[in-house]
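Top line first, the protein sequences correspond to chains Z and Y. Heads up, the first sequence stops at 214 in the numbering used here, and the numbers go up one at a time, no gaps. Heads up, the second sequence stops at 325 in the numbering used here, and the numbers go up one at a time, no gaps.
To be clear, the hints were calculated from the coordinates, so they are not data collected in a lab.
The calculated lysine-lysine pairs, modelled on DSSO-like cross-linking and capped at a C-alpha distance of 30 angstroms, are:
1. K74(Y) - K174(Y)
2. K55(Z) - K142(Y)
3. K191(Y) - K195(Z)
4. K154(Y) - K64(Z)
5. K54(Z) - K105(Y)
6. K191(Y) - K127(Z)
7. K55(Z) - K154(Y)
Here are the computed distance ranges between Cβ atoms for each label pair:
8. S190(Z) - K191(Y): 16 to 24 angstroms
9. S78(Z) - D188(Y): 42 to 50 angstroms
10. S239(Y) - I200(Z): 26 to 34 angstroms
11. R162(Y) - G214(Z): 55 to 63 angstroms
12. D164(Y) - E197(Z): 34 to 42 angstroms
13. P172(Z) - V80(Y): 27 to 35 angstroms
14. K191(Y) - T213(Z): 32 to 40 angstroms
15. K195(Z) - S239(Y): 32 to 40 angstroms
16. R288(Y) - L116(Z): 53 to 61 angstroms
Glycine included, every Cβ here is placed at the ideal spot set by N, Cα and C.
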Amino acid sequence: MFRHLTTRILSRPTTVTAARARPFSTDVAAAPAADEAFAEAWKKVIPNIDPPKTPLHFMTPRPSTPSSIPTKLTVNFVLPYASELSAKEVDMVIIPATTGQMGVLPGHVATIAELKPGVMSVHEGNDVTKYFVSSGFAFIHANSYADVIAVEAVPIDQIDPSQVQKGLADFTQKLSSASTDLEKAEAQIGVDVHSALNSALTG
Amino acid sequence: MAMAALKREGKRFAPLIAPNRINTLRSSLAPSEEQAPFGLRTISTQVVRNRMKSVKSIQKITKAMKMVAASKLRAIQVKAENSRGLWQPFTALLGDTPSVDVKKNVIVTISSDKGLCGGINSTSVKTSKAMHKLNSGPDKENKYVVLGEKAKVQLIRDSRKDIEISITELQKYPLNYTQVSVLADDVLKNVEFDALRIVFNKFHSVVSFMPTIATVLSPEMVEREAEAGGMLGNLDSYEIEGGETKSEILQNLGEFQFSCVMFNAVLENACSEQGARMSAMDSSSRNAGEMLDRLTLSYNRTRQASITTELIEIISGASALTG
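If we strip away everything but chain Z, and leave its shape as in the complex, we get (with noise of 0.2 angstroms):
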């Protein structure tokens, strides 16, 4: 009677992690064999503890490199209180480049780019759509993954014209009447900010 039992307490618990494959959170649970390497040498110095989890265990793999070019550019669009796109399929996104506007359309080389203020553009099909970005990193992968991280952003249709010529003006005189260098460079990027919400709005 007891060996019954105690089969059955054992054959248990894997029917019950197979069913428990996404439990109650909502991240994703995808553990690769990359860091194998560091839970093996944490378990050698430290056996009692498990090892802890890294980033990649909470990461959805992407996919590799296909051998053609792909029809359509998967964008990411995150800032730090929301994921504004994320995985969205577009066919071209306009990002604004420290060297300029930069066009990215499915199958562009893999790039590294940092954002400076301006606008930026989705555009699905006939859809177009607009945001102002404070600043940020653009990643252009080689499987036609855009990730776009900036810090702030906003629809081009939710900014208020009237503010932005008055924080134009109020910091075109603190730039000139700045003293030290921190108050000139604060000065200069508040200048540069307004500039570009204004050809935002205007262009």
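Got chain Z sorted already, so can you dock chain Y onto it with the hints?
Same frame as chain Z, but now just chain Y:
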């Protein structure tokens, strides 16, 4: 005052009130004695009663703390889940190299300021110390940057000289990116590092928190690893837009990565803290409830025993008088 005294005794002696009215005043002045005929010895239930009162109030407090933690968790969980997309592009680009071999390691331990949140702070400190041990070697140095009072207290006991910066009162105002980026700036300016390891508890669900280590490499290390191949091997295939040199961009990238990863880590740890506090307070209320049950049983038994003793004494006294 007599009625109050009666209420206090639990209305048990209602049938005995008539002969006892003279003595209610005296018994109300000496609260430790039961309401009984003068001169009788009684068993005191006061001690048990005091204990029950205090356990009941503790139960109320822990229940309230659980509610507060639940509401705080709801608010911050939304923020944490929204920030989860922030570190993923960096890991997609630069990979994750926790087993990288560097000379100057800085371990950033994130913990809470307030206690009563279960074992998450001890877990973070244990993981940090294990990381320290893992990366110890002849010319390697490990330093700590501590966020939160609880980890500081634990780490200061044996690694006081290794703590570079300690930051407390992080959650005085609601967490936002600006605050965390100022903090990250502070750390980057004042601490020399080859690799930063951020130790925090990732919020998986209300009952499960996973200790996690996120690694951020300094620009020089990124270049070194890119040349060595492996996960960063194809970094050279990326063209760099803007800026004068690749190293400038890599530096900006490293700093941005650190602030983004820190932001997510701090939010996840805050979520874990509230979740752990919820379950700690829940089990505490349950314990208090069980304790209260046991005390009630013992109280009733003591009370009944004292009634029985008094009845025996009265009856034996009465029977001695009559026959």
